[in-house]
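Residue numbers (our numbering), protein chains in the order written: chain A, 1 to 295; chain B, 1 to 295; chain C, 1 to 295; chain D, 1 to 295.
Please keep in mind that the hints were generated in silico from the structure rather than gathered at the bench. Where hints are given, some of them may not hold.
Stated by the list, open to error - Derived DMTMM-like pairs (lysine to aspartate or glutamate); straight-line CA-CA distance at most 25 Å: (1) K37(A) <-> D278(A); (2) K228(A) <-> D80(B); (3) K105(D) <-> D278(A); (4) K196(D) <-> E195(C); (5) K242(D) <-> D161(C); (6) K105(B) <-> E127(B); (7) K228(C) <-> E227(D); (8) K23(B) <-> D34(B).
Number of protein chains: 4
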Amino acid sequence: MSETIGFIGLGNMGRPMAINLLKAGYNLQVYNRDESKTQDLVEAGARRGARPRDVVNHGSIVITMLANDEALEAVTLGNDGLLAHLGPGGIHLSMSTVSPAMARKMQQLHEQQDCAYVAAPVFGRPEAAAARQLWIAVAGKPEGKQRVRRILDTLGQGQFDFGEEAANANVVKISGNFMLAAAMEAMGEAFTLGEKNGIERSKMYELFTQTLFACPAYQSYGKRIAEKNFEPVGFTMQLALKDVNLVLDAAKEVQSPMPFASHLSNRLLSGLARGRADRDWSELSRGILDDAGIE
Amino acid sequence: MSETIGFIGLGNMGRPMAINLLKAGYNLQVYNRDESKTQDLVEAGARRGARPRDVVNHGSIVITMLANDEALEAVTLGNDGLLAHLGPGGIHLSMSTVSPAMARKMQQLHEQQDCAYVAAPVFGRPEAAAARQLWIAVAGKPEGKQRVRRILDTLGQGQFDFGEEAANANVVKISGNFMLAAAMEAMGEAFTLGEKNGIERSKMYELFTQTLFACPAYQSYGKRIAEKNFEPVGFTMQLALKDVNLVLDAAKEVQSPMPFASHLSNRLLSGLARGRADRDWSELSRGILDDAGIE
Amino acid sequence: MSETIGFIGLGNMGRPMAINLLKAGYNLQVYNRDESKTQDLVEAGARRGARPRDVVNHGSIVITMLANDEALEAVTLGNDGLLAHLGPGGIHLSMSTVSPAMARKMQQLHEQQDCAYVAAPVFGRPEAAAARQLWIAVAGKPEGKQRVRRILDTLGQGQFDFGEEAANANVVKISGNFMLAAAMEAMGEAFTLGEKNGIERSKMYELFTQTLFACPAYQSYGKRIAEKNFEPVGFTMQLALKDVNLVLDAAKEVQSPMPFASHLSNRLLSGLARGRADRDWSELSRGILDDAGIE
Amino acid sequence: MSETIGFIGLGNMGRPMAINLLKAGYNLQVYNRDESKTQDLVEAGARRGARPRDVVNHGSIVITMLANDEALEAVTLGNDGLLAHLGPGGIHLSMSTVSPAMARKMQQLHEQQDCAYVAAPVFGRPEAAAARQLWIAVAGKPEGKQRVRRILDTLGQGQFDFGEEAANANVVKISGNFMLAAAMEAMGEAFTLGEKNGIERSKMYELFTQTLFACPAYQSYGKRIAEKNFEPVGFTMQLALKDVNLVLDAAKEVQSPMPFASHLSNRLLSGLARGRADRDWSELSRGILDDAGIE
């Protein structure tokens, strides 16, 4: 249990994950662009690095949990980046939601250095991260996946393997976000139809989420949509739009038309145009109310 | 338990429901347009009527389980219809998936005769009907609902009350079918994006239906969509299109735009145009494969 | 020129058409539900009838110009209706925008009475009707069309023949309204994209309507959309929605998916939901501004 | 007339434009990546350069007519690029269809060098270029536009000025292509609805393009769509998809939802998925036929 791991990215998701690793007995070396966020981890026993390269040991494992493609490139490439210091046998366990294209590029760059790039994006909000209840999609070369298995067991409640192409784990991750947004739109349309007929939205919510749609996606987001109460903000409309657009970009690459995804892109874009960029993505359903002339 | 009930409509759904009522000790009087389908019920103890009116006792309960608006009108109105013979205090328990407009009209006609019209459309396939596992949306005047409660307990595993307007139960029912179709489209788009990236559709299915979407709607229809195996036919594309169009009609009445429903209407219509009217509605996902150039 | 014609329906369109027939020397017998609207025509020489049947001579021609299917049925069928009094050899020249299904039914009913039903819906606003500049789509049996040719020459600037099925002229007519609405949506989206980039909408309008789209549809509606000035009201959003829904109904009948028409149906429905039912249909483009967060 | 101009990009469009400039008396220095395409221009009096920089004179005008953003960057930037050699007072007249974002970047880079960047994308096919019948959208700083006015008069039949932001001319250009594609989709849906009703597509085409839509866009593309004859290829589906995606990218930047553009993106993407990348973009209407089950 005395293995030393690098951990880069201590945001809403990364922080609870890092804490769980410490608790499980791993030695952690952490880096965050905004250094102030590393304070409590250092107090809990982690070592802080000033640059990404400082938390990477030759041939060891480094985990990244970042906001987007640009952030991943920033900590990985260049002289201060992790890749130049990871060395043969090293593993970059990339858990961020990035584009499949970026994952593809990263995997190639790492393999040129005899490193492994394992994509392992997660499903779950910060609370799930803290409770070690994330679901994880994993993809990459077998040896790499083998070496990170125990770490992923520490972080989540289950792993699903999508083969050797790292990018595929990211395709699955953004597909999941697309499916969530589609479920929200469907509920929003149905509940609004009900409301206009004089039916309480919450009554419809109850029926559907106790029967056909008795699952976390519908139960958690449906409650917000039924009650038109989108607080607190978990995942913003702006980030949701980013992910739906990643889906559309990926769809373009492989020539796979996705009309629901296109609709959701417009729906979210309209939300941004109306000043809702920082609101919870479940508030995309307010667009349906706008269309229906409901305040 | 010696109460006598009329039961009209012995199709795939009505037949197992009628059998469950007999088993529970109710006396049944049954009518079906195609009389041959009443044979085994008669053998099991039901009395057969030659016309709808023949299975109705003054002031009692009559259940209808029919294919559409037209069939409901045909057995209800006119000289041979059930309504003219139901009498004050009688209850028409209408469990078919009909349009909200028809339910509204029916409720009015029944109340003019001092009868009650209780709408109680169901969620579930024939197997669920046989296993008394239907979910039921109920709406109508309180006295009526009170009197049919025990019957509905016999037929299903749970009831959800949507108030006094019978039509509202039908709004909920068709909204549910809309949400199911939307879930199928979303899965179809996501799995096809995956397939085009070289990901096994079934792997995506597994992740999603064990985690975020671990519920009957996704598990049952998702399996078909993942495997591209749409046999056996449970509910046809033609009937699904009918229901989605009922949703759009209801949406028009109350001025509630529903872009996902519109898309699904076109998707299903295209299925019909390609000769798939009698295929299972989950095969709407074949339209996505067509669009993506996959055989 | 002393031929006597019946004329039913003296609204915004019918009135100028009837006046043109009088000016051309036809004897007119007119009926309108609201009799006050017949006053000036009577002063100009027309004879007024109290019921539709009163303006029909055995074996002659009667023209109808009405708001919708219901109005056409009301003046045609029943004891006071025109059909019972038209007699063998009579011709019903139906110039209203009605559904293809209604035209089909009407043609059949007329032929059972040895009458001809000629569908001749028109393109053009009231000003065009007054100026005899309507464009007319004609369909029906050859003898009927032959006998109304001179009348149609009096009313419009050109006829286009769509064969023997009367309904087909109506398919063409509603298709035209669909194409107009689609052009408006396209301009609305393009001009709003321009506006958000700081481009004057009217500058874009100028380029497009002087070059690629130098035609009446784009020039007349485009001006309104560019200037966001939708006055005066020519054709209401409510009527436009009716016509787009006729298109979708016709599309359903022949299994022809029409995604643009579906979108326009939602766009117009949203307009109605926001209280714009009586506004000009070009104001459907305000929906795009709403989506884009522009007041 | 002895002014010397650089001209880069001698494809289907650039070649006839360059020839027209020679004919008008300009001295031309030409560059093309594939040098063989410069042969006949050299024979007609042009001087050939081996690198983009070789055709640029200090303080003079250089015209580019290229396929996309990447090609424009390739000839403009770097040591061999035109920008480093254009010098103060020089003008880059950029007539390609590129993204507004690229135009914005280019304008900035040029102004940092005291050069002018004038965007002047064109509407028209190669035949129109040869016949000097292009329509041109122009944007950039006034001095620059002033100096290229006579050149543009030589190349086209009309100019429309969109202000000082070069990118705006490109917004207008790609909006035009979007509007053309939307017109094609609308015609395709309408003609197919007609066909399924037994109406000849060409009859509908005749009515619409002689009346409401009597303009080049509908007349030229409508004929192909009516006749389902998409030969010869003018502008490919692949390039059309590129342009529609430029529209969607621009729409994203300014938060302007464009549902018709999204639909067209999917329609064209499906065309590519079915092997039609190199077919004429009017063949996007075959997607409607596919949806409608017509071979």
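Query raised in the report: Straight-line Cα separation of K242(D) and D161(C) no greater than 25 Å?
Result: 40 Å, violated
Query raised in the report: Has the given pair, K228(A) with D80(B), been kept, meaning a C-alpha gap of at most 25 Å?
Result: 48 Å, violated
Query raised in the report: If you draw a straight line from the CA of K23(B) to the CA of D34(B), is it 25 Å or shorter?
Result: 23 Å, holds
Report task. Take a quick look at whether K196(D) and E195(C) sit within 25 Å of each other, Cα to Cα. Result -> Answer violated: K196(D) to E195(C) is near 39 Å, above 25 Å.
Query raised in the report: For the pair supplied as a hint, K37(A) and D278(A), is the alpha-carbon distance within the 25 Å limit?
Result: 21 Å, holds
Query raised in the report: Quick one, are K105(B) and E127(B) close enough, alpha carbons at most 25 Å?
Result: 31 Å, violated
Query raised in the report: Does the structure keep K105(D) and D278(A) at a Cα separation of 25 Å or less?
Result: The hint is violated at about 28 Å.
Query raised in the report: Do the alpha carbons of K228(C) and E227(D) lie within 25 Å of each other, as the hint requires?
Result: 37 Å, violated
Violation of the numbered hints given earlier is confined to hints 2, 3, 4, 5, 6, 7; the remaining hints are satisfied by the structure.
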